[in-house]
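Novice: The lines below spell out each chain.
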Amino acid sequence: MKIYIYILISAVVSFLLRVLPLTLIRGKIENRFFRSFLYYVPYVTLAVMIFPAILHATSSPAAGLLALLFGVVAANFNIGLPEIAAGCCIVAFIFETAIPYFIK
Amino acid sequence: MESRFSTFALGARHGIPIALGYFAVAFSLGITAAVVGLSPAQGFISGILNHASAGEYAEFTAIAEQTSYFATALIILITNARYLLMSCALSQKFAPGASLFHRILVGFGITDEIFAIAVMREGALSPLYVYGAMAVAIPAWAAGTAVGILMGNILPRAIVSALSVALYGMFIAIIFPPAKKNKFLLLLIVLSFGLSFALAELPVFAGLSESLRIIILTVLIAGVAAAVRPVDDTEAGV
Chain A
161 MKIYIYILIS AVVSFLLRVL PLTLIRGKIE NRFFRSFLYY VPYVTLAVMI
211 FPAILHATSS PAAGLLALLF GVVAANFNIG LPEIAAGCCI VAFIFETAIP
261 YFIK
Chain B
774 MESRFSTFAL GARHGIPIAL GYFAVAFSLG ITAAVVGLSP AQGFISGILN
824 HASAGEYAEF TAIAEQTSYF ATALIILITN ARYLLMSCAL SQKFAPGASL
874 FHRILVGFGI TDEIFAIAVM REGALSPLYV YGAMAVAIPA WAAGTAVGIL
924 MGNILPRAIV SALSVALYGM FIAIIFPPAK KNKFLLLLIV LSFGLSFALA
974 ELPVFAGLSE SLRIIILTVL IAGVAAAVRP VDDTEAGV
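First to last, the sequence lines map onto chains A and B.
Sequential numbering of the first sequence, starting at 161, is according to the numbering used here.
Sequential numbering of the second sequence, starting at 774, is according to the numbering used here.
Just chain A, with the same shape it has in the complex (with noise of 0.2 Å):
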């Protein structure tokens, strides 16, 4: 039950957040620093959020490591956004599966 109240305010606040200014403004957003700051909030978000959790969605923070350095590199070579997607998981099960598997 708690889970559907966890979804529920999850809906309601990215609901608003969607839908107020497409039906309150009508004109121009003139605030330069409220711009900005939303301009910037993704970008530090999504970092907050990759680091340092990506060491500890894999069994080794070693394997999420080398995940986040092979992504940065490839996003670095214009590579699609699934292909890294799917890279770092490759990077990550070569690293923490297939590698000890075969050296064992």
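Every beta carbon over 10 Å from chain A, so not counted as near; a handful from chain B, in silico:
1. S776
2. F781
3. I789
4. V892
5. M893
6. A897
7. L901
8. A908
9. P912
10. I927
11. V977
12. S982
In silico EDC-like cross-links for lysine to aspartate or glutamate, where the CA-CA straight-line distance does not exceed 20 Å:
13. A:K162 - B:E838
14. B:K866 - B:D1005
15. B:K866 - A:E190
16. B:K953 - A:E243
17. B:K866 - B:E895
18. B:K953 - B:D1005
19. B:K866 - B:E886
20. B:K956 - B:D1005
21. B:K866 - B:D885
Listed next, with one range per pair, are the computed distances between beta-carbon atoms:
22. B:I932 - A:L168: 29 to 35 Å
23. A:I165 - B:D885: 23 to 29 Å
24. B:D885 - A:H216: 21 to 27 Å
25. A:I239 - B:A971: 28 to 34 Å
26. B:Q865 - A:Y164: 32 to 38 Å
Calculated directly from the structure, the hints in this document are not laboratory data.
Even for Gly, the Cβ is constructed at its ideal location relative to N, Cα and C.
With chain A's structure known, arrange chain B on it following the hints.
Specialist: Frame of chain A; chain B shown alone:
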């Protein structure tokens, strides 16, 4: 002038690649949801109502940590704050006479990708085009989450461990390419990594939950960044 149906169909066609990507990403989100204890039905409902990768990840983190309802609302506000910006941007694309119903329904459909294809269309925004994209993309997102939860409980531990990295891979693929051209963004990302690591690992901050850490660091770093280096209109996309 396109007919109403052909406008909807065009949106649906443009929504197909988005739907494919969504299914894959939502699948990995479902793996996270399974760890937290969501059922496939709960994952599906969450997907239909929220359809937001970072927002739902934060939602699942809050469930796992039993975060207070108020703090949960606050963290969703922060992680999904970009939709506020996108909604502001779309408000500038609507024909002035557009009905409240269309404004609400188009707003509900905002995601990074649907916003991107909607805002790139020339002229006044056609709600039917957005509905077409929503009709294929959002169910794919919800279904991906449900299947991910189902498979997360069946797949071997090693596979789940590797797949759980996909979500972070997607986040990386979102924030790093723009930082290639903008060194200030790169600096922000590196700074965010460092401070996030410090707050997560230093014993002094041991009582701080992941949700609170995301809120505090986002407001702090994005706030300072906006004050130090305000962006111009073209960068902000408004």
